[in-house]
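S.K.: Sequence:
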Amino acid sequence: MAPKTEEMRKGPWTEQEDSLLVRFVRLFGERRWDCLAKVSGLNRTGKSCRLRWVNYLHPDLRHGRMTPEEEHLVLDLHAKWGNRWSRIARCLPGRTDNEIKNYWRTHMRRKAQERKTSAYPSSSSSSSSSSSSSSSSCSPPAAAGVVQSEGVKVYSMDEIWDEIAAADSVTGLTAEECGVACPPLPCPKWEDCSESLWKVDDEFKMATGLLPVDDLMLSDFHHSD
DNA sequence: AAATGAGGCAACCGCTATCGG
DNA sequence: GCCGATAGCGGTTGCCTCATT
3 MAPKTEEMRK
13 GPWTEQEDSL
23 LVRFVRLFGE
33 RRWDCLAKVS
43 GLNRTGKSCR
53 LRWVNYLHPD
63 LRHGRMTPEE
73 EHLVLDLHAK
83 WGNRWSRIAR
93 CLPGRTDNEI
103 KNYWRTHMRR
113 KAQERKTSAY
123 PSSSSSSSSS
133 SSSSSSSCSP
143 PAAAGVVQSE
153 GVKVYSMDEI
163 WDEIAAADSV
173 TGLTAEECGV
183 ACPPLPCPKW
193 EDCSESLWKV
203 DDEFKMATGL
213 LPVDDLMLSD
223 FHHSD
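Counting in the working numbering, the first sequence runs without a single skipped number right up to 227 at its last residue.
The set of hints was computed from the structure by calculation and includes no laboratory data.
Glycine residues also receive a C-beta, built at the ideal position from the N, C-alpha and C atoms.
The hints are all genuine.
Below, computed lysine-lysine pairings styled on BS3-like, alpha-carbon distance capped at 30 angstroms:
1. Lys12 x Lys103
2. Lys49 x Lys12
3. Lys103 x Lys82
4. Lys40 x Lys12
5. Lys49 x Lys103
Here are the in silico distance ranges between beta carbons for each label pair:
6. Lys12 x Asn104: 12 to 22 angstroms
7. Cys37 x Lys82: 30 to 40 angstroms
8. Thr108 x Cys37: 31 to 41 angstroms
9. Lys82 x Val41: 36 to 46 angstroms
10. Asp36 x Glu71: 33 to 43 angstroms
11. Arg34 x Asp62: 19 to 29 angstroms
12. Lys40 x Pro70: 41 to 51 angstroms
13. Asp36 x Pro61: 18 to 28 angstroms
14. Glu17 x Ala81: 35 to 45 angstroms
15. Cys37 x Pro70: 38 to 48 angstroms
16. Arg86 x Thr16: 24 to 34 angstroms
17. Cys37 x Glu71: 37 to 47 angstroms
18. Gly13 x Val41: 14 to 24 angstroms
Go ahead and model the full structure; you've got the sequences and the hints to work with.
M.R.: Following this line, the structure appears as structure tokens:
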């Protein structure tokens with residue numbers, strides 16, 4: 003339902019948009035993204051707002067390189083659960099599913115290529131990133147076993163994961179343990195923010211009346227790594 | 001110093017599940 | 001029980017940056 007005369011904005015977020023989004027998320031909580039998007043005046047979809055918040059603006063997010071522990075955890079959990087990125091992400095506090103997904107893609111693609119080249123240095127018909135990215139690169143270990151491609155032995159992702167997991171001496175963390183030990187990111191629930199809804203009028207004025215940006219600690223979000 | 005390619009990351013898209021009326 | 005709205009998830013794409021030639 004978008005009888006809008008104006009197009010929704012797409013593409014990279016500006017600092018102003020970020021600050022506005024932060025204000026309104028604090029106001030409304032992490033719910034009603036569609037409503038939030040409209041009320042805030044951001045010319046973005048609720049979906050886009052949510053994604054921006056979850057993947058970048060959330061104060062509890064950790065940015066920067068994965069630690070070796072995190073890498074091991076990702077490997078282990080992916081071996082267990084496959085491409086359940088959101089599930090895996092819940093076990094890595096401060097990391098998002100998108101981040102882990104991206105990490106896995108690049109990390110594993112590189113490892114796979116390394117392994118292929120080291121095992122079969124003469125195989126020049128190595129799949130390019132584009133071809134491998136479409137469906138096979140991240141697919142869960144369904145097609146196990148070694149694939150024969152035009153006489154060339156190719157490792158399946160299953161095997162690759164297996165070898166990597168073995169080589170890296172897995173952390174040994176079970177799913178259950180993880181579920182207990184790694185609660186989701188602490189975040190204000192809609193109910194928790196309901197009280198603020200009653201103050202929306204005032205706070206809305208404050209927000210639209212432009213609270214000082216420094217009050218929002220935007221430096222936390224736009225930190226340079 | 002410039003051109004090219006690869007890698008990394010942010011954002012979008014489509015689908016599915018869940019919830020409320 | 002049905003339907004529409006909303007939220008969440010996984011896959012994919014496009015852009016930017018850095019390294020290499």
